[in-house]
Amino acid sequence: MKKVAFSTVFKLVVALFIIFMTLPLQAQMTIDGSGNVGIGTETPNYNLDVSGTANMTTLHINSTVVTATATELNHVENVSSPIQTQLDSKAATASPVFTGTITLPGDGSWDSDGNIGIGTTSPTEKLTLEDGNFLQTPGDPVLIGSLTDDDSTLLNKAYSICIVGKYAYVAAFDEDGIEILDISDPTNPTHVGSFADDIPGGTIALDGAYSICVSGKYAYVAAKNDDGVAILDISDPTDPTHAGSIFDDGTTELDGAYSICVVGKYAYVAAYNGIEILDISDPTSPTHVGKLSDAILLGLRGAKSIYVSGQYAYVAAFEDDAVTILDISDPSDPFKVGALRNSSETTDELALEGANSIYVSGKYAYITAYNDCGVEILDISDPENPTHVSAVFDNGIMNLQYPNSIQVRGKYAYITGYEGVEILDISDPYYPTHIGKSSADYSSGADIIVSGKYAYVACLNSEYPGVKVFDISGLDVPTAQIGSIAANSIEVSENARIGDHLQVHGGVNVGPGGIKSDGPVSIDNVLTLVPQTANPTNPVSGTLYYGSDGKLHVYNGTNWKTFSPD
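In my numbering, the protein residues as written are 1 to 566.
Read the hints as simulated data drawn from the structure, not as lab findings. Be a bit skeptical, because a hint or two may be false.
Computed beta-carbon distance windows for the label pairs [what the hints assert, rightly or not]:
| hint | residue 1 | residue 2 | range |
| --- | --- | --- | --- |
| 1 | T387 | D198 | 45 to 51 Å |
| 2 | T190 | S285 | 30 to 36 Å |
| 3 | T190 | T241 | 16 to 22 Å |
| 4 | N371 | I397 | 18 to 24 Å |
| 5 | S439 | G216 | 34 to 40 Å |
| 6 | L127 | E384 | 33 to 39 Å |
| 7 | G410 | L127 | 17 to 23 Å |
| 8 | D151 | T128 | 51 to 57 Å |
| 9 | T433 | T284 | 46 to 52 Å |
| 10 | G139 | N47 | 42 to 48 Å |
| 11 | G165 | T562 | 41 to 47 Å |
| 12 | S564 | E384 | 43 to 49 Å |
| 13 | S439 | N371 | 22 to 28 Å |
C-beta atoms are modelled at their ideal positions from N, C-alpha and C, and glycine is treated no differently.
With these hints in hand, go ahead and build the complete structure from the sequences.
Given below as structure tokens:
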């Protein structure tokens, strides 16, 4: 073996020492007089003070080994700066214990009781938010439940869906009827009852059931092929029964009835060539009240969707590529007050070609444009002059190919169509943005209803017709105490108690339980009386009002009779 001279070894050691001493400070280690070890720093303040990034494969804390397969430190004490631990996966033996408080940047903390504070260093609850707002945004909707049409259901070509309480009511075009589902478990909707028009051209008016609206104990169905409206008694969801119907007869505007909306004692129907207003105060005998048929430049040809808010009805007209606003303050004489439609000057700006569905929220109207593959937002604060705010078109990322239905909840718009479900952030109506969408596997949605944190979609898909339920994310808590709340829609499945006043600016529909008042009742208009077949034995409908002459006037449809307090 060849020996190395001592001088050679000495020179090598000196060379290594010089190299070490000339390295940057960050590469050196310091041990001070107190035994503190510093890596990357000359002034360590702790037993181990690392300035920079530490890359560890095995860490020993309090004689416990935390390997690279752990995601948690087993013991943290009196930490005053942010900690970030990024390891591969959680070790089976990991059990985090905090004996101090982690103080987060910007007045945040995590104490030894597991309370997290945001905006405060002294949280009193598991999550305490002080002087700030909680923001939750939806992502992609997730399919959690579905029911496909089979021999036991009426769900083929499900065109429309309505949610009330724990039930979903579906109008099925090819079934000429309705299906009622129990959705108390959204992951497993089940058949409850159904009703079909088994005799084409009969007296029920359900052939081509296109739209459904539920109010009280009745379901109202617009039937496109029957050119009429059917009213069904759904007080027993397992056994819905026919209550009444009305067909187009030349005096009405029900030819090609597409959409129906019920407010108070009136039903508003969008039909192929205009709108019809029905008095449904007697569900067994709906009657014509008023109509408005399309004329030149009226903008009602192919009326596909109608939305009623206050004294106005908003209509999306498919053939006219338009939105028309009607004054319905006098139901017997509706008239046009404003409209906006595609034209050669506005085609590139507006998304109204094939206006298919309309939803009104606040001072804005939201419209799906089937042929434009987009969504239009209008400012309707001046009903006589609706104006374009913005439009969004399918760009390959969104699910806006041939959109059918739209519904707004809070600052989000939910749309369904040929490609599935699309969610838009409309908090800034001038710049609607894509938030999430469903998989293309869940396509051909005809109608969408949002209830709670779920979206229910009626599907036209010929291979899998039926109803699909999506989780759209939301707040799910057992109880809540809230000072003030603003919402587009509130659904109470059982009881509601109002401590002070209740103001209703639209109509009020009350179920079979009726209304009881412990104080006086004031009516500024007429009171319509509906016959009660049990008593008297020969009832009639009528109108009752208290006149300026101080007398009570009663009208039975033919004659007036006056009663004096004397």
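Hint by hint, here is what the structure shows:
1. For T387 and D198, the hinted distance range of 45 to 51 Å is satisfied, since their beta carbons lie about 49 Å from each other.
2. At about 34 Å, the beta-carbon gap between T190 and S285 stays in the expected band of 30 to 36 Å.
3. At about 21 Å, the CB distance of T190 to T241 agrees with the hint of 16 to 22 Å.
4. Distance hint check: the CB atoms of N371 and I397 are about 20 Å apart, consistent with the given range 18 to 24 Å.
5. Look at S439 against G216: about 37 Å separates their beta carbons, and that is inside 34 to 40 Å.
6. The beta-carbon spacing between L127 and E384, approximately 49 Å, falls outside the hinted interval of 33 to 39 Å.
7. At about 21 Å, the beta-carbon gap between G410 and L127 stays in the expected band of 17 to 23 Å.
8. The hint said 51 to 57 Å for the Cβ distance between D151 and T128, and at roughly 55 Å that hint holds.
9. One distance hint, 46 to 52 Å for the beta-carbon pair T433 and T284, holds here, with the actual separation near 49 Å.
10. Taking 42 to 48 Å as the suggested C-beta distance range, the pair G139 and N47 conforms, at roughly 43 Å.
11. Taking 41 to 47 Å as the suggested C-beta distance range, the pair G165 and T562 conforms, at roughly 44 Å.
12. Checked against the hint of 43 to 49 Å, the pair S564 and E384 passes, with Cβ atoms roughly 45 Å apart.
13. Restraint check, S439 to N371: a C-beta distance of roughly 25 Å satisfies the suggested window 22 to 28 Å.
Hint 6 from the earlier list is the only one contradicted by this structure; the remaining hints agree with it.
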